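Undergrad: As a plain string of letters, each chain reads:
2 protein chains.
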Amino acid sequence: MSESPPAPGVVDLLGVLAYAELTGFLRMAEDASRFAPTLTDRAALSDLASTEHAHFRLLSGLLESLGVDPEQAMEPFTAALDDWHVQTAPSDWLEALVKAYAGNGIALDFYREAARQLDPAAQDLVNEVLADGGRSEFAVERVRAAIEADPKVSGRLALWARRLVGEALSQGQRIAAGRPALAAMLVGAHGEDLAEIGRMFARLTEAHGKRMAALGLTPGP
Amino acid sequence: MSESPPAPGVVDLLGVLAYAELTGFLRMAEDASRFAPTLTDRAALSDLASTEHAHFRLLSGLLESLGVDPEQAMEPFTAALDDWHVQTAPSDWLEALVKAYAGNGIALDFYREAARQLDPAAQDLVNEVLADGGRSEFAVERVRAAIEADPKVSGRLALWARRLVGEALSQGQRIAAGRPALAAMLVGAHGEDLAEIGRMFARLTEAHGKRMAALGLTPGP
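Residue numbers (full-length UniProt numbering), protein chains in the order written: chain A, 1 to 221; chain B, 1 to 221.
Okay, chain A solo, but in the shape it has when bound (with noise of 0.2 Å):
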């Protein structure tokens, strides 16, 4: 137990990741049964997923200790990132092991931006997280292997890691309009200052490009 209530943008701030994980993790686990192509596939992508689900309960479990009931706060979030998900539902595996992968690498960012927020029980989650940000390199190897078979594959996957990323935005801002206190949190002391929050997600989106570039996926001119 905290000995006083946790600010307001701390609380929203493992909602909205506690959210993400646990929608993460059944949506991933939605396209390994529907996508892979083998048992193993079907295995390495699951392997993934689960890794989400027990960061989910790092942050739930964090949330209660903290007097928070974890449902109440994820509720603001459902709407954002169930409409992320709506909106980027992969039709084929390639398009699955990048949406993984490039929802890995935002979610690690997103992660190591909070970090300079929270406090240090806060701090030593976020690293057991950052620690698991290895295991989605399986999917670097079957999409760099997919293109190099068929170089065509690349400019159909950079249109959609551009979809991913754009989505993304989208909704980031639209929690960042709703949640002011998360928005001020996640900028310090800047938090009023809109300009700040777009350059947050200019670097976000930065990274992205940065990991895209890694499976092969170089934008058109």
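It is possible that some hints are incorrect.
[What the hints assert, rightly or not] What follows is a set of in silico ranges between Cβ atoms, one per label pair, in the way DEER data are often shown:
no., chain 1, residue 1, chain 2, residue 2, range
1, B, Ala121, A, Gly133, 29 to 35 Å
2, B, Leu159, A, Glu196, 28 to 34 Å
3, B, Val86, A, Gln87, 25 to 31 Å
Worth flagging that the hints you see were computed from the coordinates, not collected in a lab. Predicted, not measured: the structure shown is a model, and the values here were computed from it. Just so you know, even glycine gets a beta-carbon here, dropped at the ideal spot from N, CA and C.
Mind docking chain B on chain A? Use the hints.
TA: Okay, now just chain B, sitting in the frame of chain A:
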């Protein structure tokens, strides 16, 4: 690495259990997404799903340590288990809960039957799986509360539970017929004795009936 190749019955047993856990994990995650009425319920069924994934990892790790490719070991059983899930797709949250509880129970009974035939390394695994046995208890509370609120629910769910076990027996007999080494191992020295297999299924059915009574589901006359 094992010094001598494992018996075909052992590989079959680990393979069928591994695929049951992998696909159980994925189907349960799907049911959690589709039917859970609250985020807390969704998280609770996700916990159970995630435990299945952990068991899958234990089993596939054991197969690998025996020098066996998990995918190859699972392959002979995918059709029967996939068909079971198609025949027993829940249509609402209560059916999903009864399936999770009944399916988990049948699986644990099957681990117990199997345990008698395995070597010490596999015994440890079985004990680890059995230690997780209490995790589906949340389903009991939810189903009993629903029956208390509306006693008519009981008859419908009792029929549903009967269908779950009926389809399981049917797929189980299909597996036993197609994998004689597995059937022989499970019923020990009496492997060629179809009546002995029948008695094993009778024990599983009886245990299932007891669990359904615990849920408050008593079959009609």
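Undergrad: Between Leu159(B) and Glu196(A), does the C-beta distance stay in 28 to 34 Å?
TA: Check failed, 60 Å falls outside 28 to 34 Å.
Undergrad: CB of Ala121(B) to CB of Gly133(A), is that within 29 to 35 Å?
TA: 32 Å Cβ-Cβ, so the 29 to 35 Å window holds.
Undergrad: Using the C-beta atoms of Val86(B) and Gln87(A), is the stated range 25 to 31 Å upheld?
TA: holds (29 Å)
Violated hints amount to a single one, hint 2; each of the other numbered hints is respected by the structure.
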